[in-house]
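Number of protein chains: 2
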Amino acid sequence: MSRVISQLSISLDGYVAGPNQSLENPIGEGGMRLHEWALATSTWRERHGQEGGEHSPDAEVADEVQRGIGAYIMGRRMFGGGDGPWDEQWLGWWGDDPPYHTPVFVLTHHGREPLKMNGGTTFHFVTDGIRAALDRAREAAGDLDVSIAGGASAVQQYLRAGLLDELYLHIVPVVLGGGERLLEDVGDPVLEPVKVVASPAVTHIRYRVGSRS
Amino acid sequence: MSRVISQLSISLDGYVAGPNQSLENPIGEGGMRLHEWALATSTWRERHGQEGGEHSPDAEVADEVQRGIGAYIMGRRMFGGGDGPWDEQWLGWWGDDPPYHTPVFVLTHHGREPLKMNGGTTFHFVTDGIRAALDRAREAAGDLDVSIAGGASAVQQYLRAGLLDELYLHIVPVVLGGGERLLEDVGDPVLEPVKVVASPAVTHIRYRVGSRS
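Taken in sequence, the protein lines are chains A and B.
Start counting the first sequence at 1; every next residue gets the next number (this note's numbering).
Start counting the second sequence at 214; every next residue gets the next number (this note's numbering).
Just chain A, same shape as in the assembly (with noise of 0.2 Å):
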């Protein structure tokens, strides 16, 4: 059966992206430092056609989080463009071939056409709210999983609404002192750590979402 997941990296105190995001630098002041264990593995420079990078356990994690990814739902900051009604220019921040390969679905206020972009990758604006959104990236994954990519907002409003049935947070060992902290206003869900990786640069723990009844 097809689960509900997110994965992301956070600060250990909390933040999902730096402070003073703007639309020049959305992740935020040091919000990189979160992504830099990624970055270093193999399996991303090999998704970005890029040679070398470290063959290590992070390098495992990061290729488990794309595999058997049928669809993904992202918040309207997170694909980018700032608010309001859509300037059509905007195409994301990815290029011609963003890496997710499968369609995505953009939590929005407001409506635009689809976007087939290179590679497999066609962007859907829903505006009827994330249970929509989730129906909809539900029937276009099949057997395969759906991922909430981010960010906060978005993940946020799935496990407070009891979607989410898997969290995994990269865990990175920097204190950014402000930002987007991810873990507010959700409620209190049942949390059960059932997998952990450690490495030198992070900590990866994946979480199964369960409920209180």
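If you are wondering where the hints come from, they were derived from the structure by calculation, not from laboratory data.
Since the structure is predicted, the reported quantities are computational estimates derived from the model, not experimental observations.
Glycine residues also receive a C-beta, built at the ideal position from the N, C-alpha and C atoms.
Keep in mind that the hints are not guaranteed to be accurate.
As the list claims (entries may be wrong) - Chain A stretches covered by chain B per the calculated footprint, using a threshold of three residues with CB under 8 Å from any CB of chain B:
id	stretch
1	7–14
2	172–179
3	183–192
4	201–207
As the list claims (entries may be wrong) - The list that follows gives simulated cross-link-like pairs (lysine to any residue, SDA-like), each with its CA atoms no further than 20 Å apart:
id	chain 1	residue 1	chain 2	residue 2
5	A	K195	B	D226
6	B	K408	A	V194
7	A	K195	B	K408
8	B	K408	B	P270
9	B	K408	B	R280
10	A	K195	A	D165
11	B	K408	A	P193
12	B	K408	B	V278
13	B	K408	A	S199
14	A	K116	A	W94
15	A	K195	A	R3
16	A	K195	B	V407
17	A	K116	A	W86
18	A	K195	A	R206
19	B	K408	A	V197
20	B	K408	B	R216
21	B	K408	A	S56
22	A	K195	B	R419
23	A	K195	B	P406
24	B	K408	B	R419
25	A	K116	A	I69
26	A	K195	B	A411
27	B	K329	B	D309
28	A	K116	A	G75
29	A	K195	B	P270
30	B	K329	B	H314
31	A	K195	B	P413
32	A	K195	A	D145
33	A	K195	B	V410
34	A	K195	A	V65
35	B	K408	A	P200
36	A	K195	B	V409
37	B	K329	B	T315
38	B	K408	A	D13
39	B	K408	A	R206
40	B	K408	A	P57
Dock chain B against the given chain A, drawing on the hints supplied.
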């Protein structure tokens, strides 16, 4: 060489005590959920004169963190008894035989004579700051380690001052949603995970604290 260490149980959203702390409930609402993993261990039960408990990876960690400590330092609020000048009737939360069995240095603005308890615990009240307290604790500990017992504010002060060598976090898979955060206003310490122990109840990560120089 004697190290300065600290070990705390922390919620996944970064709190070491729950919301609405009070004299009656110093650990805050839900705060005891952070310590259930420890209370379930054979280590804790033996230490408190009880039988049973689990012989688990958690029990090994609970044993590890209490070994080799020659002195503790704690904040005034952790010792308890309210703010302001001392009520000399207040002897701490722990009864006649506190679980420290070493000298304990209490950071306070209000002087008080040392308080000798059973079992080797003596509380000393230090009014001239965290460095003075550390000097006295180091002297008392000899070759053994000095542990910053808590609360969050005391740990923050030592971390911010670059005086902490090691931070051992027990990351409990609960979301408290509010309370006392540990990693606030601590600057940008270099943290290196050097040991990870996983169990179904908690993920223990031991960080070595470095310097940026």
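For each hint, the structure was consulted:
1. 7–14: holds (count 3)
2. 172–179: Coverage by chain B holds here, the residue count being 4 at a Cβ distance below 8 Å.
3. 183–192: holds (count 9)
4. 201–207: holds (count 4)
5. A:K195 to B:D226: Answer holds: K195 (chain A) to D226 (chain B) is near 19 Å, not above 20 Å.
6. B:K408 to A:V194: holds (18 Å)
7. A:K195 to B:K408: Satisfied, since the Cα-Cα distance of roughly 16 Å is no more than 20 Å.
8. B:K408 to B:P270: Holds, because 13 Å separates the two Cα atoms, which is no more than 20 Å.
9. B:K408 to B:R280: holds (16 Å)
10. A:K195 to A:D165: holds (14 Å)
11. B:K408 to A:P193: Given that 20 Å is the threshold and the Cα spacing comes to 17 Å, the pair holds.
12. B:K408 to B:V278: OK: K408 (chain B) and V278 (chain B) at ~13 Å, within 20 Å.
13. B:K408 to A:S199: Holds, at roughly 9 Å.
14. A:K116 to A:W94: Within the cut-off at roughly 13 Å; holds.
15. A:K195 to A:R3: Distance of about 16 Å is within 20 Å: holds.
16. A:K195 to B:V407: holds (18 Å)
17. A:K116 to A:W86: Distance of about 16 Å is within 20 Å: holds.
18. A:K195 to A:R206: holds (5 Å)
19. B:K408 to A:V197: At roughly 11 Å apart (the allowed maximum being 20 Å), V197 (chain A) and K408 (chain B) satisfy the hint.
20. B:K408 to B:R216: Given that 20 Å is the threshold and the Cα spacing comes to 16 Å, the pair holds.
21. B:K408 to A:S56: Holds, because 17 Å separates the two Cα atoms, which is no more than 20 Å.
22. A:K195 to B:R419: OK: K195 (chain A) and R419 (chain B) at ~18 Å, within 20 Å.
23. A:K195 to B:P406: The given pair, whose Cα atoms are some 17 Å apart, holds under the 20 Å limit.
24. B:K408 to B:R419: Within the cut-off at roughly 5 Å; holds.
25. A:K116 to A:I69: The hint holds at about 18 Å.
26. A:K195 to B:A411: holds (8 Å)
27. B:K329 to B:D309: Satisfied, since the Cα-Cα distance of roughly 9 Å is no more than 20 Å.
28. A:K116 to A:G75: Status holds; Cα separation ~18 Å.
29. A:K195 to B:P270: holds (15 Å)
30. B:K329 to B:H314: holds (11 Å)
31. A:K195 to B:P413: This hinted pair holds, its Cα atoms lying about 9 Å apart.
32. A:K195 to A:D145: Measuring from Cα to Cα gives roughly 18 Å; hence the hint holds.
33. A:K195 to B:V410: holds (11 Å)
34. A:K195 to A:V65: holds (13 Å)
35. B:K408 to A:P200: holds (9 Å)
36. A:K195 to B:V409: Given pair K195 (chain A), V409 (chain B) holds - Cα atoms ~12 Å apart, limit 20 Å.
37. B:K329 to B:T315: The given pair, whose Cα atoms are some 10 Å apart, holds under the 20 Å limit.
38. B:K408 to A:D13: holds (19 Å)
39. B:K408 to A:R206: Holds - the C-alpha atoms of R206 (chain A) and K408 (chain B) are around 18 Å apart, at most 20 Å.
40. B:K408 to A:P57: holds (15 Å)
Violated hints for the displayed structure: none, as all numbered hints are satisfied.
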